[in-house]
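S.K.: Listed below are the residues making up each chain.
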Amino acid sequence: DAGVTQSPTHLIKTRGQQVTLRCSPKSGHDTVSWYQQALGQGPQFIFQYYEEEERQRGNFPDRFSGHQFPNYSSELNVNALLLGDSALYLCASSLAGVGYNEQFFGPGTRLTVL
Amino acid sequence: KQEVTQIPAALSVPEGENLVLNCSFTDSAIYNLQWFRQDPGKGLTSLLLIQSSQREQTSGRLNASLDKSSGRSTLYIAASQPGDSATYLCAVTGGSEKLVFGKGTKLTVNP
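Top to bottom, those sequences are chains H and F. Residues in the first sequence are numbered from 1 upward in steps of one, following the numbering used here. Residues in the second sequence are numbered from 115 upward in steps of one, following the numbering used here.
There's no promise every hint is true.
[As the list claims (entries may be wrong)] When the alpha-carbon atoms are kept at most 30 Å apart in a straight line, the in silico DSBU-like pairs for lysine-lysine are as follows: (1) F/K115 x F/K182; (2) H/K26 x F/K156; (3) H/K13 x F/K217; (4) F/K220 x F/K182; (5) F/K115 x F/K220; (6) F/K217 x F/K156; (7) F/K217 x F/K182; (8) H/K13 x F/K115; (9) F/K217 x F/K115; (10) F/K156 x F/K220; (11) F/K182 x H/K13; (12) F/K115 x F/K156; (13) H/K13 x H/K26; (14) H/K26 x F/K220.
It is worth saying that the hints were derived from the structure and are not from the lab. Model, not experiment: these values are computed from the prediction.
Kindly generate the complete structure, drawing on both the sequences and the hints.
M.R.: Below is the structure:
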């Protein structure tokens, strides 16, 4: 049973560019959440997708956007990259409606903005 | 606004020692609490999940407790091993599935 997968593993961009990160949820899961983890910090919630719609959003600017596809996979897009966007981006999946909603994380995408 | 604090920020122990990691949260109206392990530069591995109605969960050498009323959780690791060296993160949800994390405790177990 494949767990949560993310691509690419690493990415280097320059300021002002745009980036797209991808996530495939664990088999059977229908909800995808994205988190940003700066060095030495805990992950911060960006947004969550369910039934192809953004269900919740954290305190991130509109430069951060996302999408969920009918097969439940998801993309995170960041426009006009800033140096401060350098971080590990984590995707988590879960099954909506299950009592305790345990979340499973992927290996992350390390984004470096120069 | 929910805030999660983990103490200590770093901990170094000799192999074989039993240890306790602490997590506190400001809003006791949580739905569940999860403990994760993170190796350097890697993703998160879920260790234990405690539902709000539960007091503790156990998995092998790990035991996590939850006291909602005081806003505290502890992760107990028995007979620590060098392979336990990692950062341990605590996170809570308020029913919305959004996880609020602490900054983690970096554990080093010395052979």
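S.K.: Going through the numbered hints above, which ones does this structure break? Give me the numbers in ascending order.
M.R.: Result: hints 8 and 11 break, sorted rising.
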